[in-house]
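Please build the complete structure, drawing on both the sequences and the hints.
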Amino acid sequence: MTKAWKVYLAVSAVIAAVYYLVPVEAVQTVLVSVLGLSSSAAILVGVRINKPAVRWPWYLMAAARACFALGELVYWIQVFVTGGDMFPGPADGFYLSFAALLAIAVVGLVRARRPGKDRPGLLDALVLSTGAAMLAWVFLIVPYVRDDTLNAFERAVSLAYPASDLLVLAVLARLVTGRGDRPPAFFLFIGSILSLLVADTAYTVLGLMGTYEPGSIVDLGWLAMQALGGAAALHPSVAALSRKSPPAGQGEAPRLRVIGLAVASLTAPAVLAIQWLTDRTIDVPIIVVGSVVLFLLVIARLDGLVRLLSGALRQVEEQATTDQLTGLANRRRFHDRWGSALHDSVGPTALLYIDLDGFKPVNDTFGHEAGDAVLVAVAERINGVIRAGDVVARLGGDEFAVILPWTDDATADKVATRILDALAEPFDTPARPVYIGASIGVITAATGADPDGELRRADSAMYAAKAGGRNRVNRA
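Quick note, the sequence shown lines up with residues 1 to 476 if you use our numbering.
Just so you know, these hints were derived from the structure itself, not from any lab. Mixed in with the good hints there might be a few duds.
[To be verified] If you anchor each label on the Cβ, the simulated ranges turn out as follows:
| id | residue 1 | residue 2 | range |
| --- | --- | --- | --- |
| 1 | Pro269 | Val306 | 20 to 30 Å |
| 2 | Val34 | Val289 | 39 to 49 Å |
| 3 | Glu380 | Arg111 | 35 to 45 Å |
| 4 | Val27 | Leu277 | 20 to 30 Å |
We treat Cβ as the ideally placed atom computed from N, Cα and C, and that holds for glycine.
This is the structure:
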């Protein structure tokens, strides 16, 4: 059944060819109805075969396409029986029901594909929909509003058609701008709805001009809508259309979408230019309101993009200045904080330079995995005995440093002793507990002192501690 969608498209293409090769209204009506009902049946078969996780939207789509086919059949029955077009008539109820069911079905797919809120996708869809709404209002809706030959009911039904298309376009934009898989079935489905919208728009424009003729190229859009919709459901990848997508970020925007948003944002000046160049009445309220709404939506979207970029920069900075094993500050961040402490402090700043004693045998005997576990435990123990505001860094290997802002000699010595005592306790490894120690060099630097020179002094103090017998504190 993996080729069923291709077979269905081929059969639909034959029906479309016969539709244009045999321009007899009765034949064309039967062909449109057959294709519509076959599309409904293809969707039901596709759901049964491919088993998407969420099925009710597809059942609504099948019902929608059946409504469209019945609307075509009822319309032409009216024409044949009455000898003319009955508007509004029973067929309009089927057509409008088709649009409503289709919109609800697409909303179902959108909800199935996203696990939570998707602010960027929603904003993008609103921008696109607002731009389309401005065009539809000015060029498709206003002519009906100003048509004095229509009574209230006729005007309401006439307005319902472009309004329902706008609704379908809005939910389609929400589907396209949302996250999620885009398998072949996705593009077949999108193509189906776009074919409908293009055909409906062309029909409305030509209808307003009084130039639409049944059997024209416009009808191809409705035929394609039915064919592509049935093929989408029959395609094996249709199950991916209702698969949950990863949570959305604050505003990633592919280039094609950015172009679409830019075009939509220019709708207001475009409408103004068209009305001015064609000497039409300029719909100032619509253009003003549309411009304000688009401006606010674009600003909200840009705010999301800026926050996304800021968050990404913070994350990169954090990764670049954090020791990946222990989560402590790395050498780069240490140098920044040490320099800032000496420059900004209003009092003395102490530095503890720590080098582990007996760590190399742990690595050599038990392996690097055990050694890494000991380093993580060392970081945790140092963090457990320092004060709030102190900065712990891993300088590399088994060397650590602690910056103690606004600290006198006695307090620095007490903190160093607490660290020494904490590291004297045994460390667990997969084989057995191990003991290590630490040699700690302690200095206290004045405000404005040279950071590199003071670091060398602390390093020398640490080596003096090692030379004095290890596992001790030495003050320079």
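Right, here's what the structure says about each hint:
no.: 1; hint: Pro269 with Val306: 20 to 30 Å; result: holds (25 Å)
no.: 2; hint: Val34 with Val289: 39 to 49 Å; result: holds (45 Å)
no.: 3; hint: Glu380 with Arg111: 35 to 45 Å; result: holds (44 Å)
no.: 4; hint: Val27 with Leu277: 20 to 30 Å; result: violated (43 Å)
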